[in-house]
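Residue numbers (the UniProt record's numbering), protein chains in the order written: chain P, 1 to 579; chain V, 1 to 77; chain X, 1 to 320.
Source of the hints: derived by calculation from the structure; they are not laboratory data. Hints are not guaranteed to be accurate.
Subject to a maximum C-alpha distance of 25 Å in a straight line, what follows is the list of computed BS3-like cross-link-like pairs (lysine-lysine) [stated by the list, open to error]:
# : chain 1 : residue 1 : chain 2 : residue 2
1 : P       : K110      : P       : K142
2 : P       : K106      : X       : K161
3 : X       : K222      : P       : K110
4 : X       : K307      : X       : K255
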Amino acid sequence: MSEPKTEIIETDLLVIGGGTGGPMAAIKAKEANPKLRVVLMEKANVKRSGAISMGMDGLNNAVVPGYATPEQYVKEITVANDGIVNQKAVMAYATGSFPMIQYLDKLGVKFEKDGSGEYNMRKVHHMGTYVLPMPEGHNVKKVLYRQLRRLQVAVTNRYMATRLLKGADGRIAGAVGVNTRTSEFLVVKAKAVILACGAAGRLGLPASGYMFGTYENAANCGDGYAMAYHAGAELANLECYQINPLIKDYNGPSCAYVTGPFGGFTANNKGDRFIECDYWSGQMMLEFWRELQSGNGPVYLKMDHLAEETISEIETILHTNERPSRGRFHERRGNDYRKQPVEMHISEIGFCSGHSASGVAVDEFARTTVPGLYAVGDMASVPHNYMLGAFVNGGIAGADAAEYCANVDLAAHDEGHLAAEKERVLAPTRREDGLTPHEMEFKTRRLVNDYLEPPKVTAKMRIGQRRFAEIRDDLSALCARDPHELLRALEMQTILDCADMAAAASLYRTESRWGFYHLRVDHPETNDDEWFCHTALYKDENGQMAHAKRAVDPYIVPVEADEMAAYHQLRVKTPAAAE
Amino acid sequence: MPIITHAKSAAVVIDDAKCIAEKGCTVCVDVCPLDILAIDEGRQKAFMKYDECWYCMPCEADCPTGAVKVNIPYLLR
Amino acid sequence: MPVFDAFDDDLDDLKERAADPDAGVRRVAMMELAEQVGPEAIVLLLKGLGDPDPEVRAAAAKALDEHDGPEVVEGLVGSLEDPDETVRLSAAESLADKKEPSCGPLLIERAEHSDPFVQAAALRALRELTLPDALAAALKALRNPAPEVRREGLGVIGWLKAEQAMPALIATASDEDPTVRRATMSALVFVRPGGPGASTLVAGLSDPHWQVREEAAVSAAKIRLPEATVALIGALGDDVWQVRIKAANALGRLKAESAVDALGPLLDSDIPNLRKEAAAALGEIASPAAIPALERAMDDPDPDVRKMIRWALGRCHAAV
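One chain only, chain P, in its complex shape:
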């Protein structure tokens, strides 16, 4: 490969990631200041990128007046996350939730409405009502793209951002991108950067062995976590993994929250319900895992008791939205919701605040600990945010960043750093032969399964760390023969960074918390005296991975001790030998 060209452009705001939160950040920044120069950098194509490439079948955290209050929502999220939350950030989401629904509605996103045009809210959570179905929600990306077009946001498709650039004073100065089809560099100098790169969904290896058969969009491999880490930002509570109950083998969501209001539920092999609530949480995953361990598995999503009319309605929703290929999967297997329940299993691990509580640490304005750097969506630390949270926090970040840009100059990046980064990126292209990105990724992810999955065992995680270090040594043999392989080679390095972070974060918190997500066999009890805090993981001045405890800010919505306990009423004690 001849030496790729480098193009340098200048903007006010750079948004990295064109899935859900990223486009909304760009839109709201542009609406706040139409003169603002906004660049949206996307690894794939904004039209169909990210977690919602095929739309979404419903909201499950809609805070709609008359059905739930922001205070009620904040309380529930606090309880569901064992109290370790930044309530101000959750409140910022909760108060922004309904205005965002109305905004999306105005843009043309279709939410279910009743016969008089009012939102058709459904109940799933046990305290408030937060589910708003979107049976025709397949056009979300189209609507976002249309709005980006109207506002003339500059879009660069097929550029993968690899590292953030910083000025001498520690402020953000832009980012380095590489074209995934030409390997040409694009350096974007920017006053502020919003990271919206999605989850780290390619961390564990799916049980099928198919590397791209992940729950998350497989393009979401954790680029944002790695970039934030290398830029010195703090990442919070990474030990609170994402683990989901999914359709076995297909490894995608069965959407119990869609089927729930229709009467579907999760059952064991006797056809009995065994969990209290089909709402995803670490506690629910623990109950799910125990049921599988107990011999009462397999675990199923049961719908065969429903009426024909109801099932065809469910099929229409599930097979046209979010993951429509699940219909094709069932068809090939001869699975019929009418006749037999759908076999479920537990997914591999990943990072994703959309469903758990980890991520790049942000405050209620989506600001990270690096000046001028923001993070939103699945990769930011606001818990249980889902799609609507990505939109709301994306919007918050966009508006805040627009204001920030008005008051600062462009920082000058370090040329030496840029040169070093280009060399790091291109290193795999300078080898004639060696190890392929696929095999190095496969091995990393296989080891993640072997050594990092809960129940977490200290000795195993330490072995995992040693094996990851060996893989890191092997990077000197990583070989990319064309731009596409270079993309995978860069992603593989991101995945290795995330694996190291998952192991280190899990070892740091010496207690068990968040149900199955952080179930440590050597420290089975929850220890509020020592660990009622966020954990921060960051790169220190010496380039080493470091940790710190960060206090939970005083609650703005008080939660009584008995309310916290009520949630755990069914908690079964950790077995002595979980292996």
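Keeping the supplied structure of chain P fixed, place chains V and X upon it in accordance with the hints.
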């Protein structure tokens, strides 16, 4: 170490008779989030180039002529 | 490869391709025009709606989904009468996304078209606009022979919350088509307790089709219609459990103390979802009279039901 290749089955299948890549259409290649589709330069038809499919289906849904079919990859079928 | 992909392609090149002798090339040009901004792209697409090749016309109709303005709507409305079905469907789909009140008159006119497809598409686009002027056309639609037109008419009326349409809604409540009757029950969600239409909703609870009864219970729950209480208690014994669930839910929302005795036995049902809904309703009603029945059911085999019973008992005890 020298690099070797080994064969895989393609989950995404394109019906050449329906594909209009030769008219300038690149819709399926444009929308794929994993960038695994390409246009064959010689035949001027789309094809699955890399076995890295998330079976998400924009290629099939957005194809103007219904030429693309996404099958579930064999390992998880 | 240009750094910036979208929104700034060369329109001259597209213009040329849009006039290419090869229909396939014209079709791809129409698809790409979806990405463009500005009046020139719209002109080319509107021209495409008149292309001799139906696939080019369909691509133009689809691309116009991405463009705004009254001339776009006018063009799409014209394509509702295209000889080719794919073109008509693409036009209808694009039209349904538009929210341009200025297009009201045109859509209202088409709502009285001779082709039911055109009528239904026009009414669907009108629903979102909630224009009072559309009411007359919607009322007329209720007498249309095609059930999909009658359903779309009901949609317009419901979204308008048009009380003056009540006599017509009372009539469609006994429509021969159950999907129209169901849509009627859904539209009646704007009825006010004590207002006109309430008795129609109550009567819906004994419709021969279960989905109509279910929809009536859902609407009664939403508006907390007190005059439905007796009929809802009756619906707790419906043959179809889905109706029983919705009736229980409605009685909970109504906080109908008179339903406590009828809800209690549902805690023994074979269907866990129904037991759960009954417990939830008893919790909403929060009457001390429900305590014995709830206590008897405390050891329910289903954890979700048990949780609901605990919650309900807490509320009933608090009410003592």
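Each hint, compared with the structure:
no.: 1; hint: P:K110 with P:K142; result: holds, 12 Å
no.: 2; hint: P:K106 with X:K161; result: holds, 20 Å
no.: 3; hint: X:K222 with P:K110; result: holds, 21 Å
no.: 4; hint: X:K307 with X:K255; result: holds, 20 Å
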